[in-house]
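J.: The end of the sequence shown is residue 121 by my numbering, with every number in the run present.
Calculated from the structure, these hints are not laboratory results.
Please read all numbers here as calculations on a predicted model, not as lab measurements.
Hints should not be assumed to be uniformly reliable.
[Said to hold, decoys possible] With a Cα cut of at most 25 angstroms, we get these calculated SDA-like pairs of lysine to any residue:
| hint | residue 1 | residue 2 |
| --- | --- | --- |
| 1 | K94 | I38 |
| 2 | K94 | A45 |
| 3 | K65 | W28 |
| 4 | K92 | L64 |
| 5 | K65 | D102 |
| 6 | K65 | G27 |
| 7 | K94 | H52 |
| 8 | K50 | E104 |
| 9 | K33 | N80 |
| 10 | K33 | L16 |
| 11 | K50 | E8 |
| 12 | K12 | G74 |
| 13 | K12 | A55 |
| 14 | K65 | N115 |
| 15 | K65 | A55 |
| 16 | K92 | G74 |
| 17 | K50 | L10 |
| 18 | K50 | M7 |
| 19 | K94 | L107 |
| 20 | K92 | T118 |
| 21 | K33 | Q46 |
| 22 | K33 | Y62 |
[Stated by the list, open to error] Cβ pair distances, simulated, as ranges:
| hint | residue 1 | residue 2 | range |
| --- | --- | --- | --- |
| 23 | E8 | C120 | 15 to 23 angstroms |
| 24 | Y56 | T99 | 14 to 22 angstroms |
| 25 | D23 | T118 | 18 to 26 angstroms |
Using N, Cα and C, we set each Cβ at its ideal position, and we do this for glycine too.
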Amino acid sequence: MMEILSKENCLSHYKWGDNCDGWNFVSKADAAIKQELMPAQTAEKLHFHAYAEQFFYILKGQATFLIEGETVLVNANTGLQIKAGNKHKISNETNQDLEFILFSYPSTQNDRTDCE
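Assemble the whole structure, with the sequences as input and the hints as a guide.
T.: Shown next as structure tokens:
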């Protein structure tokens with residue numbers, strides 16, 4: 006039987022960054038799918054993944070990305086791919102919550118190097 010997943014019955018919930026929330030929906034060595042929520046005025050650290058590529062799909066709000074020194078704004082209902090090795094970070098510089106789906110392939114488990 007197929008299981009319909011939601012935040013309430015996902016694989017796990019976790020906290021990250023500046024009191025941000027995340028929910029794991031798929032967690033395998035070759036891929037990870039998460040939904041994440043960043044409150045207003047929060048950010049993560051600049052980092053990179055040696056092997057994993059990532060695709061961010063913005064559900065609600067506006068994301069500000071810093072990728073290899075370039076600032077990119079991504080609005081709701083659009084997405085952005087980040088290649089392996091690119092130094093990047095996401096921030097929410099607005100006064101509203103930012104929600105997005107994050108697809109990493111392969112998984113970023115044990116594949117993250119902080120730069121700051």
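J.: Does each hint fit the structure? Answer for all of them.
T.: Cross-check of the supplied hints:
1. K94 x I38: holds (18 angstroms)
2. K94 x A45: holds (15 angstroms)
3. K65 x W28: holds (16 angstroms)
4. K92 x L64: holds (23 angstroms)
5. K65 x D102: OK: K65 and D102 at ~7 angstroms, within 25 angstroms.
6. K65 x G27: holds (15 angstroms)
7. K94 x H52: Holds: K94 and H52 sit about 7 angstroms apart, inside 25 angstroms.
8. K50 x E104: Holds, at roughly 18 angstroms.
9. K33 x N80: violated (28 angstroms)
10. K33 x L16: holds (11 angstroms)
11. K50 x E8: violated (34 angstroms)
12. K12 x G74: Roughly 33 angstroms separates the two Cα atoms, so the pair is violated.
13. K12 x A55: violated (29 angstroms)
14. K65 x N115: Cα-Cα ~29 angstroms, so violated.
15. K65 x A55: Violated, because 29 angstroms separates the two Cα atoms, which is more than 25 angstroms.
16. K92 x G74: holds (8 angstroms)
17. K50 x L10: violated (29 angstroms)
18. K50 x M7: violated (37 angstroms)
19. K94 x L107: Cα-Cα ~13 angstroms, so holds.
20. K92 x T118: Given that 25 angstroms is the threshold and the Cα spacing comes to 9 angstroms, the pair holds.
21. K33 x Q46: violated (31 angstroms)
22. K33 x Y62: Status holds; Cα separation ~20 angstroms.
23. E8 x C120: 15 to 23 angstroms: violated (38 angstroms)
24. Y56 x T99: 14 to 22 angstroms: violated (31 angstroms)
25. D23 x T118: 18 to 26 angstroms: holds (20 angstroms)
Hint violations for this structure: numbers 9, 11, 12, 13, 14, 15, 17, 18, 21, 23, 24, all remaining hints satisfied.
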